[in-house]
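Here are the chains, one letter per residue:
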Amino acid sequence: MNDACQRYLENPEANPEHANECAECRALFDALGVSVEDRRPRLSMEDLPLAPWEGARHRPWGLIAAAAISVLTLSILFFIYAGTSPLSVLSAEMSRLEMMREIFRLGSTAVRNAPLTWQVTIGVLFVVVNTILVLLLRRAPRGIDA
Amino acid sequence: MRSRRVLVLLTAIAATIVTALLAAPSATPRHTSGGGNVVVFGRNATIDHAVNGDVQVYRGTATVRDTIDGDLLVFGDGVVFEGNGRVLGDVILAGGAVKNGEGRIGGRLYTPATIEGAVAMITRTAVIVSLLLVWMIAAIVVTLMSGREIRLSSIEVRTSPLHCFALGLVAVTSFVLTAIVFSYLVPYLIGIPLLFALAVFAVLTKIYGTVVLFHAVGTLVAGARTREQLAQRRWFRGDLAMVVVGVLVLGALRLIPVVGTLIWAFASVFGIGVALATKFGRREPWFLAWAPAEARAR
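As they're listed, the protein sequences go chains A and B. Here the first sequence stands for residues 65 to 210, where the numbers follow the working numbering. Here the second sequence stands for residues 37 to 334, where the numbers follow the working numbering.
Bear in mind the hints are in silico, worked out from the structure with no lab data behind them. Each residue gets a CB set at the ideal place from its N, CA and C atoms; glycine is no exception. Among these hints, one or two may not hold up.
[As the list claims (entries may be wrong)] A short list of chain B residues far from chain A (calculated; beta carbon distances all over 12 Å): (1) A86; (2) R101; (3) D113; (4) N120; (5) A133; (6) E138; (7) R140; (8) V236; (9) I292; (10) V295; (11) G296; (12) T297; (13) L298; (14) I299; (15) W300; (16) S304.
[Said to hold, decoys possible] Derived list of chain A stretches under chain B, where covered just means 3 residues or more per stretch with a C-beta under 8 Å from a C-beta of chain B: (17) 121-135; (18) 143-152; (19) 185-199.
Could you put the whole structure together from the sequences, leaning on the hints where they help?
Pasting the structure below:
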């Protein structure tokens with residue numbers, strides 16, 4: 065066994081022509097049950113497409129801080145320009161929430177007093193829609209397997 | 037373990053939101069007796085005697101000639117006040133107008149303009165930008181705690197968008213119908229915790245799904261396509277960067293009147309769909325498939 069054999073055994077992909085020249089190495093691979101001709105080069109990482117998890121844990125705090133500060137500044141500027149305070153807007157929004165809550169409260173009474181056809185329709189729709197939901201949920205996610 | 041932590045955190049946030057909504061102080065004192073409620077479907081209603089409760093009119097006009105002790109809700113063609121007609125509570129109107137209502141409403145008048153939020157354009161923009169900041173903070177926290185789950189769900193929404201959308205639509209419809217069915221149980225008390233649990237689950241799904249959508253949009257817009265690109269990038273790489281880019285892109289779209297609202301509504305449907313499709317990124321089946329022992333041994 066010479067240096068060429070040594071290099072071939074250490075890295076067969078880098079020295080494929082040696083297998084054609086050296087009977088000893090060919091015999092060695094035959095003894096191991098590995099066909100020299102069938103051995104394809106191993107997959108190179110660089111040939112594979114970029115995997116979603118590569119670099120995923122990187123945390124660019126500079127970008128995050130810049131984005132958050134920009135949005136905060138923009139928000140403050142808009143409030144100043146509008147001449148209103150976030151608290152007054154919040155209280156206005158609360159009245160909307162209160163209205164939605166009232167609608168829900170009244171809606172629950174209305175449902176129980178609805179005509180029979182409406183109630184039957186709601187019952188049938190409840191069964192049909194939830195059956196479809198269960199059927200859709202049974203499908204396994206594809207994602208990384210696609 | 038981490039996905040459990042984020043699930044607990046999201047559940048706590050959702051429960052806080054729902055509790056705050058339920059416990060929001062009322063502007064006017066409410067009557068407690070519900071015995072005198074009037075509900076009318078598909079025709080006009082004329083209130084010509086005092087009502088000790090709420091009045092609701094669906095697909096019709098309400099004519100009020102006497103006092104309504106509670107609230108008046110009209111999903112139809114408006115309300116007309118005549119004679120001694122008064123409403124001591126709130127008037128909620130979805131469609132039509134109030135005629136002759138000056139000084140006859142004890143509580144507040146809510147009209148479709150209230151529902152849309154009749155605030156100045158600039159104030160509306162300020163509110164949207166402020167909410168964007170809240171979304172950004174929520175997205176960063178959720179991604180820090182559960183980046184892998186968010187990433188897997190983001191891949192799913194990009195791989196099977198139609199399935200996610202269909203599932204989201206069905207799930208939203210299911211939430212509404214289930215809430216209606218649970219409301220039948222409100223008089224038996226069990227309805228209240230069931231409705232509460234449903235609301236918490238819905239808010240949880242919405243928050244998680246929206247963060248996933250941020251990641252998906254961020255990856256589509258600014259994600260690295262090759263390993264060389266990724267290696268060259270200093271800022272625009274990683275889950276956090278993608279989520280922040282997604283927040284900014286969707287936030288900018290949200291500022292467009294009408295279209296922005298529609299885009300966010302669609303995003304919510306996609307988000308709810310993908311949250312359920314991937315079981316919050318855990319990629320586990322929702323239902324265990326039953327198989328006999330012999331079949332499994334084979």
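Checked hints:
1. A86: With a cut-off of 12 Å, A86/B remains clear of chain A, as the shortest Cβ separation is near 18 Å.
2. R101: Label holds. Min Cβ-Cβ 21 Å, cutoff 12 Å.
3. D113: holds (17 Å)
4. N120: holds (23 Å)
5. A133: Consistent with the label, A133/B stays out of reach of chain A, its closest Cβ about 17 Å off (over 12 Å).
6. E138: Nearest chain A Cβ is 20 Å from E138/B, so the label holds.
7. R140: holds (18 Å)
8. V236: Given a closest Cβ separation of 15 Å, the condition holds.
9. I292: Its Cβ never comes within 12 Å of chain A, the nearest being 16 Å, so this holds.
10. V295: Label holds. Min Cβ-Cβ 19 Å, cutoff 12 Å.
11. G296: For G296/B, whose nearest Cβ neighbour in chain A is about 15 Å away, the distance exceeds 12 Å, so it holds.
12. T297: holds (14 Å)
13. L298: Given a closest Cβ separation of 19 Å, the condition holds.
14. I299: holds (18 Å)
15. W300: The claim holds: W300/B sits with its nearest Cβ about 16 Å from chain A, beyond 12 Å.
16. S304: S304/B is indeed farther than 12 Å from all Cβ atoms of chain A, at 16 Å.
17. 121-135: holds (count 10)
18. 143-152: The restraint on the region 143-152 of chain A holds, since 5 of its residues have a Cβ under 8 Å from chain B and three suffice.
19. 185-199: Result for this restraint: holds, n = 9.
When each numbered hint is compared with the structure, no violation occurs for any of them.
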